[in-house]
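A.B. asks: Need the complex rebuilt from these two chains, each delivered in its own frame; the hints are there to steer you.
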Amino acid sequence: MDLRFTDDEIAFRDEVRQFFAENLPNDIHAKMLDGEYPDKDGLVAWTRILNSKGWAVPHWPEEHGGIGWGPMKQYIFLEELQKYPCPQPLAFGVNMVGPVIYTFGNEAQKKQFLPRIANLDDWWCQGFSEPGAGSDLASLKTRAVRDGDHYVVNGQKTWTTLAQYADWIFCLVRTDTQAKKQEGISFLLIDMNTPGIEVRPIVTIDGGREINEVFFTDVRVPVANLVGEENKGWDYAKFLLGNERTNIARIGVSKQKIARIRELAAKEMSRGRPLLEDPRFREKIASVEIELKALEMTQLRVVAADAKRGNTGKPDPASSILKIKGSQIQQATTHLLMEVMGPYAMPFQHDTGEGWNEPPVGPDYAAHAAPGYFNYRKVSIYGGSNEIQKNIIAKAVLGL
Amino acid sequence: MDFDFTEEQSMLKDALDRLLANEYGFEKRNTYLKAPEGWSPAVWNHIAEMGLCALPFAEEDGGLGGGTEDIMIVMESLGRVLALEPYFATVVLGGGFVREGGNAAQRAELVPKIADGSLKLAFAHTERNARYDLSHVETTAKKDGDGYVLNGAKSLALGGDAADKIFVSARLSGGIRDVDGVAVFLVDADAPGVTGRGYRLQDGTHAAEVTLENVRVAAQALFGEAGKGHALIAKVTDQAIAALCAEAVGAMSALHDLTVEYLKTRKQFGVEIGKFQVLQHAAVDMFVATEQARSITMYATMMADSDDAGERSRAVSAAKAEVGRGARLVGENAIQLHGGVGMTMEFAAGHYFKRLTMIDILFGDSDHHLSKLAEMGGLFETAAA
Ligand SMILES: Cc1cc2nc3c(=O)[nH]c(=O)nc-3n(C[C@H](O)[C@H](O)[C@H](O)COP(=O)(O)OP(=O)(O)OC[C@H]3O[C@@H](n4cnc5c(N)ncnc54)[C@H](O)[C@@H]3O)c2cc1C
Chain G
1 MDLRFTDDEI AFRDEVRQFF AENLPNDIHA KMLDGEYPDK DGLVAWTRIL
51 NSKGWAVPHW PEEHGGIGWG PMKQYIFLEE LQKYPCPQPL AFGVNMVGPV
101 IYTFGNEAQK KQFLPRIANL DDWWCQGFSE PGAGSDLASL KTRAVRDGDH
151 YVVNGQKTWT TLAQYADWIF CLVRTDTQAK KQEGISFLLI DMNTPGIEVR
201 PIVTIDGGRE INEVFFTDVR VPVANLVGEE NKGWDYAKFL LGNERTNIAR
251 IGVSKQKIAR IRELAAKEMS RGRPLLEDPR FREKIASVEI ELKALEMTQL
301 RVVAADAKRG NTGKPDPASS ILKIKGSQIQ QATTHLLMEV MGPYAMPFQH
351 DTGEGWNEPP VGPDYAAHAA PGYFNYRKVS IYGGSNEIQK NIIAKAVLGL
Chain S
1 MDFDFTEEQS MLKDALDRLL ANEYGFEKRN TYLKAPEGWS PAVWNHIAEM
51 GLCALPFAEE DGGLGGGTED IMIVMESLGR VLALEPYFAT VVLGGGFVRE
101 GGNAAQRAEL VPKIADGSLK LAFAHTERNA RYDLSHVETT AKKDGDGYVL
151 NGAKSLALGG DAADKIFVSA RLSGGIRDVD GVAVFLVDAD APGVTGRGYR
201 LQDGTHAAEV TLENVRVAAQ ALFGEAGKGH ALIAKVTDQA IAALCAEAVG
251 AMSALHDLTV EYLKTRKQFG VEIGKFQVLQ HAAVDMFVAT EQARSITMYA
301 TMMADSDDAG ERSRAVSAAK AEVGRGARLV GENAIQLHGG VGMTMEFAAG
351 HYFKRLTMID ILFGDSDHHL SKLAEMGGLF ETAAA
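Protein chains in written order, with the numbering used here: chain G, 1 to 400; chain S, 1 to 385.
One chain only, chain S, in its complex shape (with noise of 0.2 Å):
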């Protein structure tokens, strides 16, 4: 195990967070926010010339073959300043499907446009009565001549407002919960028969809901095999989970370093607050929480492309679980020990305890994760008999 970053990996960080310096900061980020799209277009742009949408991609598909920890890094760097483009929706969702369930022809035709950040993808999966029940899928496609036709209704789709195509799930055949007969397809957000309504999420990120009206798609619409669909997006999704990890881990360490800030700074009783000692152990059950989370998450990416989708998913639940608790713990008690200000939207730290609660309801709350990783069996394996 090398927990060192190799010297390409170090350079990535070092001009992903010199770029990052100048283009976020409060201000900045709260115009972005303001902006109807709600992020930069300019900062995207200095993005994608960096290489980082290319990035977990084949070479020989256009990309620069990265793998899930760097990743990683991007992600961390990302959650430090609480960055607003759609990354995650395009590169690590939507690249994903592209990365793990296309054919050749496919890839060919996306990767190239992923990289120079003109095209804008995002996964629209989850219904209204799924919560976060990865099998329920009531959308339906029908087979028609060479392809297919969908119905249904798709909700909370990330950055589904700014997609220019939309994956979306729908079943073949089965009941709603199972497991078989789903399949991935790719429609056009402007195709006829998709509506698509955005709004804002709580903490200034942008979803949408998805209706599909016998939208026609062609067979080249399909991503990975028919009717085993399910598979493909349990494997995206868990490796989109750690990515998400990867942000709350930058969301907290950033949220801490505030926090502790704050304590040396902001006196009370005629001394700088953090003198008090239980603010002191607060601020390091937060330190604790967050390098706790570092950790585990650091665990779910290097299982995260496992070909063992039991152990990837072990992995990746504990993580989810464990970053969940951890980062409600780090943004209550931020709020906490800022007081007032910490209730304002004049203040970072509100900020970031918003991201890390939608992050933490994000594929599934630390509740959903840790009954899921208890059904699955725990993490450790039972002494050899």
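So here's chain G without its partners, still in its complex pose (with noise of 0.2 Å):
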């Protein structure tokens, strides 16, 4: 055992550091600090600038446009992606629907579709939950029927993340009403152009405007956009939501809020002394670091393990401890970045578009403290919620 970096992997990441430092544009920096994201075109942008450098799939098999890193060295990148901050890209392309069309897609797709995602020239949304079918996805009752060389597809999908930037979205489908709930599933790749799409954006609490509704009415669908085989789309959903160890924790993510907490804990005053010098305080960000730390080292044995066996692309118990505690810390720094705040917190000055122009009131770091602590309430519940990790982690490792 040697728990520490190679020099190797020391070099690479001061690569990695260096290439961010120098090529991630400006603006989007500014904003990601600021707690925000990209609009479409910064991200866009910023997407093409990996891809130039060949670090936009680098966890994709070599024929597909992956660089062949080890799981180490891809997670060395991502945790210095999101400490440094960059923006991820788009994680419905790059780690969902690629990985499922060069596992299982037909040549053609592959052809037509992975460079494109690389790039970002596709924009892709996942339609996999509905009002009637959320931790029970299984449950779900869109139709797809076949009618010649096309599906018929009439239903709805909901909390669509991004589908107002949509250029494609992948959708499970129903396709057999006869069979188990399982076995009645298909995967389809539908053009958000198709006629009869409609888009519906759905406001979240903190004010963003990042999740829709999608309504299919009649929706043809060449059969050519069929993923793999029919009804076997439920294994190819269990593919694509287990295969994710490495960035469901967001370590990273974490560490730079963190950061960002002590940095701006250290210009907040509270009774005359900047907050970073109340006790109180410094004991709670050491808590959240504590756990942070643990966390990494389980990840850390995560990749390492990976790295022996080759990854086998099965849904990991280990991802369901990786996302309770990821959520849970991601959520606590969120937490106490509103907490430095204090009182400035309160504003809503958040740009929804409605357009907040005007100069903050109090500090300018304050405007997403409070929307952010709002916003990540969803990394309890998406993916798989935290009670059904739990479920699992119940079943599959307790075996109880």
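Hints are computed from structural coordinates only; laboratory data are not their basis. Bear in mind that the values here come from a model prediction, so they are computed numbers and not experimental data. Be careful, since some hints might not be right.
Said to hold, decoys possible - Residues of chain G clear of chain S, computed beta-carbon distances all greater than 12 Å: (1) Glu63; (2) Trp234; (3) Glu291.
What the hints assert, rightly or not - Label-pair ranges, simulated between beta-carbon atoms: (4) Glu291/G with Pro41/S: 47 to 57 Å; (5) Glu291/G with Asn45/S: 50 to 60 Å; (6) Ile393/G with Ala231/S: 50 to 60 Å; (7) Asp2/G with Gly310/S: 51 to 61 Å; (8) Asp257/S with Lys180/G: 29 to 39 Å.
The beta-carbon is built from N, C-alpha and C at its ideal position, and this holds for glycine as well.
C.D. replies: Pasting the structure below:
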């Protein structure tokens, strides 16, 4: 056992850091530091910078555009990306549908979609959840009925993140109503410009515009857009949800938040001294740091095991640990950051498109603190809620 | 001790709840939120007509002679529906200064106007670097003939955009964080030199930045004793915190009801999600936190007009700390148990969560009051020697 990074890994980390420092556009960096995300154009621009370096999809197999970094390097890359902080390439493309396509798709689909995903030429969104099918995803009702060379799709998806920007949506649809519920589901790729698709925004509690409802009325989808076999979509969905072990805990994001908390707590005053000098507040930061360090080591254990064994692509209960603890830590950091601002967390000065273009109330770094806290309640809900993750561990690990 | 309402209190509560049942509800509240003032003038008039704006003032001043318990009852009901009208800013906070700091002439002038709903008030105290420290006052007051000249910048005055008159704290002498040397003045919102800039808070309620530039006020603008303003501010804010705790209890209990109702109706895996024991226990934790908050709020309410400032402050800090913790637990669990719908503005749960988060911050968050209580020696006396 040697728990230190190798010299090679350290050199790699420095190279990555330097690249981010030299190449991330300043306006995007400023937004990210502020707890905001870039708009569509910003993410496209950044993805293309990464892609021209060959770093947009480093975790993909080399034949599809990846670089053949082992899990440890991938992990270091991602952590540095999050810590800087740079925006992450759009997960729906590079982490979700991309791997599904190169693993289960046909040659034509690989050729058509993979390069465009890496370059963010196509913006993808995820059409899994429905109003009646959340945790119980397999009960989904959106229907696809075969009609010659097409499927005709009718139904509704919801909570669809960033569907307002999307060129494509990958959907789970029901193709067999007679079979057991997991066995009648197919995985369809649908062009968002097809007639019959309507996107309606849902405003989140932080005032943000990130999720949508997507309605399908007699939407005709070429059979060529079916991934893999009909009625095998559930397997692909499980693969998709389970194959992400390096990203789920978002260690780098939390490290960056903690650095930000320290930086701003040194500026905010409490009883005539910087808040950072308040022992109670320092203890709270330290407490989150301990949790985060432990989770980082857990994460590295998982990464190292993957490196030895090769990523099997099978769901691993370790993902559930990383998801539960990672979401709790992310939520704790957003709450602490809000606490830093004291009463200045209260004014609503979040740019939601309604346009907040007045001078800030209080410090110019407080605007996103409370919205960030509200918004991050989502991380223990989506991607399999923490209750569902605990069910998985109880069953798969503890045998209960 | 008697935990039952008097007949008058029951009538008051029933009448108010009837009014709010008619005038509030998710859709109606959203229309009020969207209006420029962010609340409903019509509902405000009803509240005044019911006599609620006269509630905490002495009968000889034109009030109804209600006590802190009556205010608790009203605030809890307002909290249940997330009422937006400026009752807290005008009657509880502003009214607190009138009642506790006003002389006979000042009370005679102001109480009738508060009582009929025509006068709206605010309290502009916080400053940029004050955080939650009540004694932090950089704004200055200089004696000028019979009156005073005020200069400074105040932040986050609740209801400050709607207020006709604003109580401001200013320093006559001493260092920025000295307890001595502070005074409280009432200024007209449209007096020369007063600039307000209104905005919304995260929960949709309104506040304002208030700048004072060579604002001249007459001697009658002073409330309470010059230089002894801190004690007045401490007392009024303690009472206001007790009232805010009651509002939180109303919001927590409504949010808990909503969540339990959701657990009974939402189905996943073929059953109501309320059948999952882990969710039952989470709902029970919310229930326990709400009842603990209710109890400690009653304690703070009982102590809120105590003349023993130490005893009063300890009780109020205890309540604010406990209510803040409980509010967070209830709010976060409510969102979690609602799943995706909890994350949207289209369901009530998120609105309650945001209000409760703001209440925790207002006048000092849970941790602030925990520290304050610890510094004051805690709640229970050590065994007699
Ligand atoms: C901001 C946001 C973005 C999202 N983006 C997308 C997206 O892009 N695409 C997409 O397809 N989906 C997306 N989702 C949907 C997300 O995956 C679902 O919200 C999630 O699966 C939970 O489903 P639900 O909201 O229907 O809650 P429900 O499943 O109704 O759950 C409600 C509560 O019941 C609990 N519960 C349910 N079943 C059990 C059980 N068996 N045991 C114990 N507790 C249980 C849950 O944990 C939760 O607390 C997003 C959600 C959010 C909040």
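A.B. asks: Give a verdict on every hint.
C.D. replies: For each hint, the structure was consulted:
{"no.": "1", "hint": "Glu63", "result": "37 Å, holds"}
{"no.": "2", "hint": "Trp234", "result": "15 Å, holds"}
{"no.": "3", "hint": "Glu291", "result": "17 Å, holds"}
{"no.": "4", "hint": "Glu291/G with Pro41/S: 47 to 57 Å", "result": "49 Å, holds"}
{"no.": "5", "hint": "Glu291/G with Asn45/S: 50 to 60 Å", "result": "52 Å, holds"}
{"no.": "6", "hint": "Ile393/G with Ala231/S: 50 to 60 Å", "result": "56 Å, holds"}
{"no.": "7", "hint": "Asp2/G with Gly310/S: 51 to 61 Å", "result": "59 Å, holds"}
{"no.": "8", "hint": "Asp257/S with Lys180/G: 29 to 39 Å", "result": "38 Å, holds"}
In terms of the numbered hints stated before, the structure departs from none.
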